[in-house]
Amino acid sequence: MKTLKIIGIVVLALIALPLIVALFIPKSYTVSVSETINQPKQVVYDYVRLLENQENYSVWVMEDPNLNPEITGTDGTVGAVQKWNSQMDNVGEGEQEITALTPDRMDVEIRFKRPFEGTAKAANIFNAVAEDQTQLTSEFYSNDHYPINLMSYVFGRKMIEKAQIQNLQNIKNILEKQLNN
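Residue 128 in my numbering sits at position 128 of the sequence shown, with consecutive numbering throughout.
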């Protein structure tokens with residue numbers, strides 16, 4: 001009986017500890033990565049603002065070869081929405097909407113439906129470093145509720161950062177190849 005009591009206390013502690021830690025972890029976070037692309041700012045902007053081009057560079061879109069994202073509204077303008085629905089859990093179902101466009105920035109709202117519901121915001125920021133060179137910064141903003149904030153803090157931020165880095169490298173490769181052709 002004493003052994004069962006000890007096992008019960010250990011199990012309870014293993015369950016309670018992460019929940020207690022999650023109380024002290026931030027609920028909101030930003031992931032920001034940048035890449036310098038050897039193309040004029042307008043070329044980079046014109047390519048990135050079109051949601052359909054994500055089929056060529058987004059690790060999330062490219063992960064499911066059967067994914068056929070659907071765009072409603074005029075692509076590359078405020079109000080354009082790209083919807084996706086994948087049978088793959090790591091791609092899931094959701095949509096993103098262009099919420100703001102300026103010559104230096106594109107903002108989107110991402111609405112996840114599956115494998116879990118949630119909303120996040122993201123931005124692409126375009127900065128001309130030189131006449132033929134652009135720094136593209138990709139930012140992801142999330143605000144997660146307790147206790148999901150612990151999972152996001154431990155796993156989510158790194159996963160998003162890795163994907164953003166790859167996305168920017170893919171954009172760089174695509175646009176710099178255009179320069180050489």
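Keep in mind that the hints were calculated from the coordinates and are not lab data.
Hints should not be assumed to be uniformly reliable.
Computed list of lysine-lysine pairs in DSS-like fashion (alpha-carbon distance at most 25 Å, straight line) [as the list claims (entries may be wrong)]:
id, residue 1, residue 2
1, LYS162, LYS177
2, LYS177, LYS83
3, LYS177, LYS121
4, LYS162, LYS121
5, LYS162, LYS113
6, LYS113, LYS158
7, LYS162, LYS83
8, LYS121, LYS27
9, LYS27, LYS158
10, LYS27, LYS177
11, LYS172, LYS158
12, LYS158, LYS121
13, LYS121, LYS83
14, LYS158, LYS177
Here the structure is a predicted model, which is why all the values come from computation and not from measurement.
Structure-based check of each hint:
1. LYS162 x LYS177: Within the cut-off at roughly 23 Å; holds.
2. LYS177 x LYS83: Roughly 29 Å separates the two Cα atoms, so the pair is violated.
3. LYS177 x LYS121: Violated - the C-alpha atoms of LYS121 and LYS177 are around 30 Å apart, more than 25 Å.
4. LYS162 x LYS121: At roughly 17 Å apart (the allowed maximum being 25 Å), LYS121 and LYS162 satisfy the hint.
5. LYS162 x LYS113: OK: LYS162 and LYS113 at ~22 Å, within 25 Å.
6. LYS113 x LYS158: holds (21 Å)
7. LYS162 x LYS83: Cα-Cα ~23 Å, so holds.
8. LYS121 x LYS27: holds (14 Å)
9. LYS27 x LYS158: holds (15 Å)
10. LYS27 x LYS177: violated (40 Å)
11. LYS172 x LYS158: Distance ~21 Å between LYS172 and LYS158 Cα, so the pair holds.
12. LYS158 x LYS121: holds (17 Å)
13. LYS121 x LYS83: holds (15 Å)
14. LYS158 x LYS177: Violated, because 29 Å separates the two Cα atoms, which is more than 25 Å.
Violated hints, in rising order: 2, 3, 10, 14; the structure is consistent with all others.
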